[in-house]
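One line per chain: the protein sequences are R and E, in this order. According to the numbering used here, the stretch in the first sequence is residues 298 to 791, in order. According to the numbering used here, the stretch in the second sequence is residues 20 to 199, in order.
Worth flagging that the hints you see were computed from the coordinates, not collected in a lab. It cannot be assumed that every hint is accurate.
According to the in silico footprint, chain R covers these stretches of chain E (three or more CB under 8 Å from chain R) [claimed, not checked]: (1) 107-119; (2) 155-165.
Simulated restraints on C-beta separations [to be verified]: (3) R:Gln370 / E:Asn127: 56 to 64 Å; (4) R:Lys413 / E:Ser90: 28 to 36 Å; (5) R:Lys413 / E:Asp74: 27 to 35 Å; (6) R:Arg485 / E:Lys126: 52 to 60 Å; (7) R:Lys413 / E:Arg115: 53 to 61 Å; (8) R:Gln359 / E:Asp74: 52 to 60 Å; (9) E:Ser90 / R:Val462: 18 to 26 Å.
Just so you know, even glycine gets a beta-carbon here, dropped at the ideal spot from N, CA and C.
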Amino acid sequence: MTRRLKFAFSPRPPRLTPALDRTLSAASRHNAALLLLLVCCGVAVIGAFVIRDLQSANTEAQRAYSGTVQGLQQIGELQYDAQETRRATLYALTTSDSNLQVEYADQSRTADQRVKDGIAKYGSQAKRPEESVLAIRLGRDWNNYLSVRDEVLASILEGSTKEAVSLDLSGGVPAFERVRQDLNEVKRLYGEDAARSQANLVASARRSTWRLVGIHSFTLLISGAAVWAIQRSRMLSAIQLAKLQMEFVASVSHELRTPLAVLNSAADNIADGLVVGKTALKKYGAILQHQSRAMGQLVDEILLFASTEDGTHSYVLQPLQVSTIVESIVAETEGLVRGAGFVLDRQIEPDLPLVLGDVSGVSQCLHNLISNAVKYGGDRRQIVLRALAAPVEPWSGREVRISVIDRGIGIDSSEIDQIFDPFYRSPRVNAAQIHGTGLGLSLAKRIAESMGGRITVLSEISAGSTFTLHLRIAKGEDVQTVLEASRPVVSSHL
Amino acid sequence: MLRRMTAILTIVALTGWPQSEAAVSAALSTESVWAQQGAAAEPLVIVVNRSNPVDDLSMAELRRIFLGNRSHWANGRRITLVMRDPDEPERKTILRDVCGMNEDQLKNHFLHGLFTGEILVSPKTLSTPTGVRKFIFNVPGAIGYLRVSDLDDTIKIVRIDELFPNDKGYKLHVQNQVGN
Numbered sequence: 298m299t300r301r302l303k304f305a306f307s308p309r310p311p312r313l314t315p316a317l318d319r320t321l322s323a324a325s326r327h328n329a330a331l332l333l334l335l336v337c338c339g340v341a342v343i344g345a346f347v348i349r350d351l352q353s354a355n356t357e358a359q360r361a362y363s364g365t366v367q368g369l370q371q372i373g374e375l376q377y378d379a380q381e382t383r384r385a386t387l388y389a390l391t392t393s394d395s396n397l398q399v400e401y402a403d404q405s406r407t408a409d410q411r412v413k414d415g416i417a418k419y420g421s422q423a424k425r426p427e428e429s430v431l432a433i434r435l436g437r438d439w440n441n442y443l444s445v446r447d448e449v450l451a452s453i454l455e456g457s458t459k460e461a462v463s464l465d466l467s468g469g470v471p472a473f474e475r476v477r478q479d480l481n482e483v484k485r486l487y488g489e490d491a492a493r494s495q496a497n498l499v500a501s502a503r504r505s506t507w508r509l510v511g512i513h514s515f516t517l518l519i520s521g522a523a524v525w526a527i528q529r530s531r532m533l534s535a536i537q538l539a540k541l542q543m544e545f546v547a548s549v550s551h552e553l554r555t556p557l558a559v560l561n562s563a564a565d566n567i568a569d570g571l572v573v574g575k576t577a578l579k580k581y582g583a584i585l586q587h588q589s590r591a592m593g594q595l596v597d598e599i600l601l602f603a604s605t606e607d608g609t610h611s612y613v614l615q616p617l618q619v620s621t622i623v624e625s626i627v628a629e630t631e632g633l634v635r636g637a638g639f640v641l642d643r644q645i646e647p648d649l650p651l652v653l654g655d656v657s658g659v660s661q662c663l664h665n666l667i668s669n670a671v672k673y674g675g676d677r678r679q680i681v682l683r684a685l686a687a688p689v690e691p692w693s694g695r696e697v698r699i700s701v702i703d704r705g706i707g708i709d710s711s712e713i714d715q716i717f718d719p720f721y722r723s724p725r726v727n728a729a730q731i732h733g734t735g736l737g738l739s740l741a742k743r744i745a746e747s748m749g750g751r752i753t754v755l756s757e758i759s760a761g762s763t764f765t766l767h768l769r770i771a772k773g774e775d776v777q778t779v780l781e782a783s784r785p786v787v788s789s790h791l
Numbered sequence: 020m021l022r023r024m025t026a027i028l029t030i031v032a033l034t035g036w037p038q039s040e041a042a043v044s045a046a047l048s049t050e051s052v053w054a055q056q057g058a059a060a061e062p063l064v065i066v067v068n069r070s071n072p073v074d075d076l077s078m079a080e081l082r083r084i085f086l087g088n089r090s091h092w093a094n095g096r097r098i099t100l101v102m103r104d105p106d107e108p109e110r111k112t113i114l115r116d117v118c119g120m121n122e123d124q125l126k127n128h129f130l131h132g133l134f135t136g137e138i139l140v141s142p143k144t145l146s147t148p149t150g151v152r153k154f155i156f157n158v159p160g161a162i163g164y165l166r167v168s169d170l171d172d173t174i175k176i177v178r179i180d181e182l183f184p185n186d187k188g189y190k191l192h193v194q195n196q197v198g199n
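Based on the sequences and whatever the hints tell you, model everything.
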């Protein structure tokens, strides 16, 4: 067993600081919740950022489309209509048919109205000052061109082709050129807007990508750290358990070796004929009887722990009278208490209700608690066994509390959570060479919980400890059921 | 009846006349005059560009203009004559009541005038009232004629001998096809 355990421990894990080990150990109790919380937080954060980035990109894309693509489409239509205005005017030059000339004039005027509307729309949608200025300038230049266009149209319709051409060349062409330049300027501004929107979109996409990468990395890091912490915590727990088991083996060996040595010596003395006389033999017989019983109790305790560990031990719950149980356990432990020089004081509240429990289980619990009180009771050697009924908080019911109170060495507050762990032995008691297996409290706790009760502890260093067994009060139907189904068993304990 | 009412209201809207209660009464009395003249007669309106300052022309001046003997307005703008196609009732009315000629005489008159240089520009011929309206709208010095029912606010009506088309004594009336 020792060899196997040694093999199991090798190689040893890298040592961390005790503080970190303690932190990890504490974290291990909540590792599943911690991991779940971390993953949930990570997913929630990633989800929130992804949604925000998608919305941002969508908004940016829509703004880019509406502000630029549609804008460029509008300016394209504006350019076409401006060209159409001029084109229709010049078409009128190509015919002498007044009817056709009027049609072309009409087309020109329809197109110029669309241009006016487009310029007004551009002006109303202008966001930057330069766009507003450009819209005003474009409108003015367009009106200048139209005044020339009207003269040209009039000349064409009058039949003065030469005059019309002259007017167009001298006034129409430069005026239209200014309009063309204005429209190009509008297009350039739209292009700038498009470039700016595209740059924003690219920057937004890049920012989102880096943010997502960062968040994923952070989440992976946190998850990795959590997993590492959990694994390390588990490993430390396993090591601690193995260490406790080794200490348990050593302790049990020691506990067995002591009575074995006594038995061996007594047997040797008897075999060697050194024990002569009836009185001496009686004394040796008593020694052999006491030591063999001690060994039996130890073995029983180990077997009981093993049975509670694998869940094969079961308890029969039935209504029990507290005073009877207390009297029984006092009688059972009288030798132990008196032999150690302790005084046990009973404080039993009269008329306590029946409690629900198993006779052997309750007895075992109280026996272990009284044994511990004797072991760690210190020099004042006083034990109080108190039983009373008390309300259960925060519920409105009541319960019976059986407390074992000593004035001994007490328990450090940092160890309170560990004293119920199997095989746990406080460094202080080890140092004080107080022997034990580390199973007593663990067993008592398991038995209490198996009966629907619990064990609590209040302790102060050098002032003593109070271990309390909380038992449920038997209800009327429990009593009735037991009376009807198990009358012989119940009656023997009541 | 409905068509006449529309015409009256159109003239009122375009000219801003009548502006007094008496003028309204006059317009209503004009309708009765049209009724007396029969369903086939409709006033023919002389129209010019809205920028033209001329509001009134005498029949003699109108004749000179439509015969090409007057080439410029008082403001210096060249006069551009707008005529409908031959055989149109409106053109026949102008030839008969203004020019005092038939189609051939008018043709010869212009050929002679252009040849001698007395006339600078021959009349523009348009085939639809809409064409006439748009032409006059586009040409500041244009003058033409339209039925009352073809009027809109893009052109301006000119009084003849200080008479509006719906005034009693107005001389230019076109015979509708129904009446013919």
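Hint check results:
Counting residues of the segment 107-119 of chain E whose beta-carbon sits less than 8 Å from any beta-carbon of chain R gives 0, not enough to reach three: the coverage restraint is violated. By the rule of at least three residues with a Cβ nearer than 8 Å to a Cβ of chain R, the coverage given for the segment 155-165 of chain E holds, with 5 such residues. Against the hinted window of 56 to 64 Å, the Cβ-Cβ separation of Gln370 of chain R and Asn127 of chain E comes to about 58 Å, which satisfies the hint. Taking the beta carbon of each, Lys413 of chain R and Ser90 of chain E are about 35 Å apart, inside 28 to 36 Å as hinted.
For the pair Lys413 of chain R and Asp74 of chain E, the beta carbons lie near 30 Å from each other, so the given range of 27 to 35 Å is met. Distance hint for Arg485 of chain R and Lys126 of chain E: a CB-CB separation of about 58 Å, consistent with the stated range 52 to 60 Å. For Lys413 of chain R and Arg115 of chain E, the Cβ-Cβ distance of about 44 Å falls outside the hinted range of 53 to 61 Å, so the restraint is violated. Here the CB-CB span from Gln359 of chain R to Asp74 of chain E is close to 58 Å, well matched to the stated 52 to 60 Å.
Roughly 22 Å separates the CB atoms of Ser90 of chain E and Val462 of chain R, a value that falls within the hinted 18 to 26 Å.
Hints 1 and 7, counting from the list given before, are not met by this structure.
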